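Trainee: Following the hints, position chain B against chain A.
Number of protein chains: 2
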Amino acid sequence: MKARGNTFVVDTTNSPYAKLRPVPIENVHLEDSFWAPRISMIREKTIPSQHEIIEETGRLFNFRRASGKERGGFRGLYFNDSDVYKWVEAAAFSLAAGRNDDLHRLTRQTILEIISAQDDDGYLNTYFTFDNKKKRWTNLRDMHELYCAGHLIQAAIAYYRATGEHELIDAACRFADHIDETFRLGKRDGTPGHPEIEMALVELYRLTGKRRYLELSKFFLDNRGKGLIGGSPYHIDHKPFRELDEIVGHAVRSVYLNCGAADLYMEIGDERLLEALFHLWRSMTERKMYITGGIGSRYVGESFGEDYELPNVTAYAETCAAIANVMWNWRMLLITGEARFADVMELALYNGVLAGISIDGEEYFYVNPLADRGTHRRQRWFKCACCPPNIARLLASIPGCFYSISSEGIWLHLYAQGKVSIDVNGVSVKLTQWTRYPWDGDVKIMVQPETESSFSMFLRIPGWSRKPKVLVNDQPIDQPLSAGSYLEIRRLWKHGDIIQLVLPMSIERIVCNSRVMENQDRVALRRGPLIYCVEQVDNPDFDVWNLILPLDSKMEAKWEPSLLNGVVIISGEAYAADDEIDGQLYRVETSSSVKMRRVKFTAIPYFAWANREPGPMTVWIRSLMLPHQAT
Amino acid sequence: MKARGNTFVVDTTNSPYAKLRPVPIENVHLEDSFWAPRISMIREKTIPSQHEIIEETGRLFNFRRASGKERGGFRGLYFNDSDVYKWVEAAAFSLAAGRNDDLHRLTRQTILEIISAQDDDGYLNTYFTFDNKKKRWTNLRDMHELYCAGHLIQAAIAYYRATGEHELIDAACRFADHIDETFRLGKRDGTPGHPEIEMALVELYRLTGKRRYLELSKFFLDNRGKGLIGGSPYHIDHKPFRELDEIVGHAVRSVYLNCGAADLYMEIGDERLLEALFHLWRSMTERKMYITGGIGSRYVGESFGEDYELPNVTAYAETCAAIANVMWNWRMLLITGEARFADVMELALYNGVLAGISIDGEEYFYVNPLADRGTHRRQRWFKCACCPPNIARLLASIPGCFYSISSEGIWLHLYAQGKVSIDVNGVSVKLTQWTRYPWDGDVKIMVQPETESSFSMFLRIPGWSRKPKVLVNDQPIDQPLSAGSYLEIRRLWKHGDIIQLVLPMSIERIVCNSRVMENQDRVALRRGPLIYCVEQVDNPDFDVWNLILPLDSKMEAKWEPSLLNGVVIISGEAYAADDEIDGQLYRVETSSSVKMRRVKFTAIPYFAWANREPGPMTVWIRSLMLPHQAT
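If you're matching them up, the sequences are chains A and B in order.
Convert by adding 172 to the 1-based position in the first sequence; the result is the number in the numbering used here.
Convert by adding 172 to the 1-based position in the second sequence; the result is the number in the numbering used here.
Worth flagging that the hints you see were computed from the coordinates, not collected in a lab.
Errors might be hidden in some of the hints.
[Stated by the list, open to error] Here are some of the chain A residues that sit facing chain B, going by a computed Cβ distance under 8 Å:
| hint | residue |
| --- | --- |
| 1 | Asn484 |
| 2 | Glu680 |
| 3 | Ser686 |
Note that this is a predicted model, so its numbers are computed, not measured.
Every residue, glycine too, gets a C-beta built ideally from N, C-alpha and C.
Chain A with its partners taken away, still in its complex shape:
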C-alpha cells in the first residue's frame, strides 16, 4: 500500500486504460478567493456542524449500539451508516488539503466507533445487527447494504491516504473480503439496488493490488440486467450494462453505476463498457441534463425523465445527482483526456453542485429547481440526508481535480490562483497560477521545472470560451486554438516560463433545444463557467418571472465584493411585462393584456440563489423576438 500523502480522488496511477494520472490533493495549494475559502469553510464549519447533526440524529449511536456500548433501538433510516462514511471521507479529503487537529481527533474518534461495530466475520452495518442479523444480504435491491459498504470502503481509502492510519482501511478490507466470500464462491448471486460499491472496490484494488476486489466489482456489474433485483429501469437492471444506450432510472444510482463501469474500464479495458458509457453520456448531455449540470429531472423515482423532460419549477435535480455527474465526468476525463468531459464536470460543479449548499456552508438543497416562487429554501439536514455529507466530500476533494499527468506532460483542467508541484517523468515541476477565475478568464501560469525539461502542458480551453488566446513568454502561440479542447504546448520548459491564457468572459445568451417546451422563447445567461439566474431580491420593481430580455439587451458584468461573499453580477436593460390577470387563471388576450415597461435588471450566479430574502427566481428568462427576425 502507498504511503500517507497521496490522497487521490481516483488513483489511476497504474490504470492501464486511463489516459491521465492523478495529482494528489496534498500537492495542490489553492490560494484563490473562490475555492480556497469554500474548502476552508467545508473543513472549519460544514464538517464540524455535520458531525453534530450526525451525533444528534443517532447515526453514531447506531454504531455504539451495534458494538454493545449503548442500548436501544436502531435510529433513523436503515442506510444511515452511509452518511457517517461520507462524513469521514469528507474529513479525510479536508485533512489532506489542510491541517486541523481538532478535526483529525474527531475523525479518529468517529472511526474508532465505526470499527467497534464490526462483526468478527468482518460484516459491518449497524442496521443488520441483533434481530436484523438474519436478514443480511436477503434484499440487495432495497436495503442498501452494498451501498453502505461501498461508502465505508471509499472513506477508509481516503482516510488512509490522507493520514496513513490503517485501522479503518483494515476494517474495510475485512468487510470487502467478507463480501467477496459471501458472493464469489457461488454462495449467492446478486447486484446492488443502489450502485456505489463498484467504484469503491476498484479503488480498493488500486490501493491494495488485490485483484479479488476488481473481480468482485466486475461480478456486480456483470450481474445487472439479469433480473436479480427485479429487472426495472429504475434500478438499471432492465438490460446488461454493456447494452445500455439510454440513460434512465434513479439518477444517482444510474450515474454511480457509470462511475463504477468507468473505473472498471480503466483497469480491464473492455471496449463494450466504454461504448456504453459514451452512449449514456450522449443520452444525458444531449437530451436529459439541465443547463446547470443538474440531472434527474423527475420527482417520481428521483429519476431521469424522458428525452427533453426538463421542467424548471418542478425540477428534481437532486444535489447528489449533480455530484454524481461530476464524479462520472472526472472518470471519463481520466479515461480519454477529452475536454468535453471536463466541460460538463466544470458546469455541474460550479452550478448544479454548488447550489446545493448555502453560502454559510451549513444548509443544503436536496432538490434544485431552476425556477421558484420563493418557497424552496435550503435545510439544515434531511431525514434522508445523503446530500449534505456528499457535497462536503466532493468539495473537499476538489483540489484533486485541478491537474492530471500523462506520459506527455501536465494537464490543467480547472483554473484557480495557487500552486502545485507535479512530477513529470522524474522532474519536479512547480506551477503557479494567477487568476480571478471564475470571475475573470485571464490566467497566468508560471512554469518552474527543477531542471529544464521537455514536456507538454495541456491547457483546457473551456467549451464556453470565445476567441481564447494563449501566449508563452508574451509571444502568442503559433497553434490553432479551439474552445472545448486541450491545447497541447510542447517545448523545453525553463524555470520561470510564463503562459498567459486569455479566456474572454462575455455574457452569453443560451438558448435551449426547442424540444424542451418549457424553455422555448427563453434564454439563460452564462458568463464563463457560471450560469446565472434572476432573483427577486435584486429586482424589487418587477416580478422576475415577468422579465423579458430583448435580443439587443445591453448587459454588463460587475464585481460586487460585498454581495454573497463576492460575486460578479450581470446587470442590464430589459422589459418587464405586467400582466393584469391576478386572481384569474385564464383570460381572453387583448392588445392591452400585457403592458411592457423598460426596467433595469440584475442577475446573480445560480449557485448563490436562496441565500437572502425569499422570492421568485428563474434561470430561464423570457426573451423577446424582434421583428427583424421574421422574414
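Mentor: This is chain B only, laid out in the frame that chain A set:
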C-alpha cells in the same frame, strides 16, 4: 320508490337545499349532429365493446366465481367490480335515452351475475370472498370496498330508474343495509380511502326515502380528517371536510368527495359544507385547473399539484378527474343555479372529458397531456380501467344535464338541437331547439306550453360569449345581458313562442396567469365552448411546437364535414420558427439562431386530437409580442 322512466342523473326533486330540480333523461330527445351520434355510439359500440373486454379480462368471471359457478383464483385488480358497476350504469343511462333490446338483455344478464355473487348477509364484493372473506372492512383506506359499493349503488339506482326492474336495487339496498349495520351501530369507525359511496348513499336516500342512507353518508364524510385512514392530504384526510380551503390530493378522490358533500348539502343544508365547497372550487378553478377543464396535474399520486403547477407535456389530467369535475359542477349548479358552475361543467365536458375517448368510441386516454410529441396514444383498455366505463356512463347520462326546473321555470344549461318535455308547475311545456352548437352559437328555441302559462325561461349565457343577443318572437329583449349568467325571461308563454339566442363564436386568444411559467408568452385558441390545439398531421410544413402566433394573426373558422366526423377547424397565418440546434441541448443564441417564416396553420378541437397519424400536438401556442406592446 319512483316508477320507471325517471332516470335522473342526480335527483334533486325533493332536495330542500337545491335550487334546481332535474329533468329525466327519458324526456330529452337530442337530434343534433354532435351529441346524438356520440350517445348512439356509446350505446351501440362503446358499451358492447366494453362488455367484451369486461368478460375477457375476468371481471365477470370474478362474479361467477364468487357465486360458486366457476372455479379458480380472483382475476385482475381488487377493485375491478367497480368497472362492471360503471358499465351497468352506463348501460342504464343509455337504455333510458334510447331502446336497444340486445343491450337490455346483456345488462340483465350481467346484473343477474352480479346479484348471484351477493352473500346472504348482503355483502357484495368479489375480491373479499373465500380466503379474503376475513379481511372485509379491515383496510378501508386502500382496498376500495366502499368505493365499489358506491358504484354498485349508483348502477342499481340508474338501472332501476331506467327499467323499473328491481333485482339490482334490492341487492344494492341489502348491501347498503349491511354496511349501515356494520358501521353505524358503533361496531366500526372509518371512512373510505376512495370516496364515491357518499354521493351514492345520498342518491339511494333520494330514491328510497330511507334516512339511514343519508345518515351513513354523513357519517363517512364527518369521519374525514380524524386520521382514521392515515391523515394524508392524498386521501383528503388531513382536515375535517368543513375546514378544507385548498383542493389537494388524488384528484378523482378529492372531487368525488366534493360531489358527496354537495349531495349531502342539498339534503341537510349545512352551510359549512357549502362554504368549504366554494373554497375548494375557487382553489381549483383559479389555480389548479387546465384550460381544458382537466384536473389533477401530477403523476405523483394522480393528484392536484401546487397552485399553478400545470405542466403541459407531463400533465396527468386523468380522464376520470375531468369526469369528476363535470359531476361536481353539475351538483354545484343544482345547488346554486349559478352559471359559473355550468361554464366549468361545459368546459370539462367538451374538452377534458371528450378527449378521453376516440372518435370511433373504442379507445381511451387515461392521461391527457396538453402537449405531446406523438407518442401518447389512446388504448383499448387499461389494467386499471376506471376511465373507459366512467366516460361511457358520463356521456350516456349527458341528456340529463341539459335542462333543469325550478319553481320559477325552466333552465337551459347546454344547447343542442332536439326536443324536451318539461312539467312546469303542472303545465307540460315542450321545447324544441334548433342549433348547430357547439359549432355555431345561434340557438332557436320554440316554446310550446300545453296552455298559455306564465313562467321563466332561464337561458345560460356562456361565460365565453361576447356580445350575446336574445330575441323573443323576433324582438330583442329589453333586459341587460351578461356572459357567465342565466338570463331570466319571465312572461306569459304562448304555444309557438320563439326565443332566439345569438352567441357569436369568435376565435379567441386565451392567455394564462403568468404564475404558470409554462404558459408564459403563449396563447390557446378557443371558439365557443371548445379549446383548440394544433396537431402535426394538419400542419406538415413545420413542427407545431414551433408555431408562433402574432397578436394580429388573421384566423378563420371553417366547417369541415369530412374531418374527424365533422369539426370546425381554425386556420390562419402565423410564423414558424425553425431552430437549428438539432442534436444539441443548449447553444449560444445568435441573431441567426432562430429563423422565422410565414406559414398557414390549422387547429382542431382538442377533444379530437390523436385520432389520426401520430405527431406533435400542443394546446398552448407560442405567441409573438409586437413592438407596439413595449412602452
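Trainee: Against each hint, give a clear statement of whether it holds in the structure.
Mentor: Going through the hints against the structure:
no. : hint   : verdict
1   : Asn484 : holds, 6 Å
2   : Glu680 : holds, 5 Å
3   : Ser686 : holds, 5 Å
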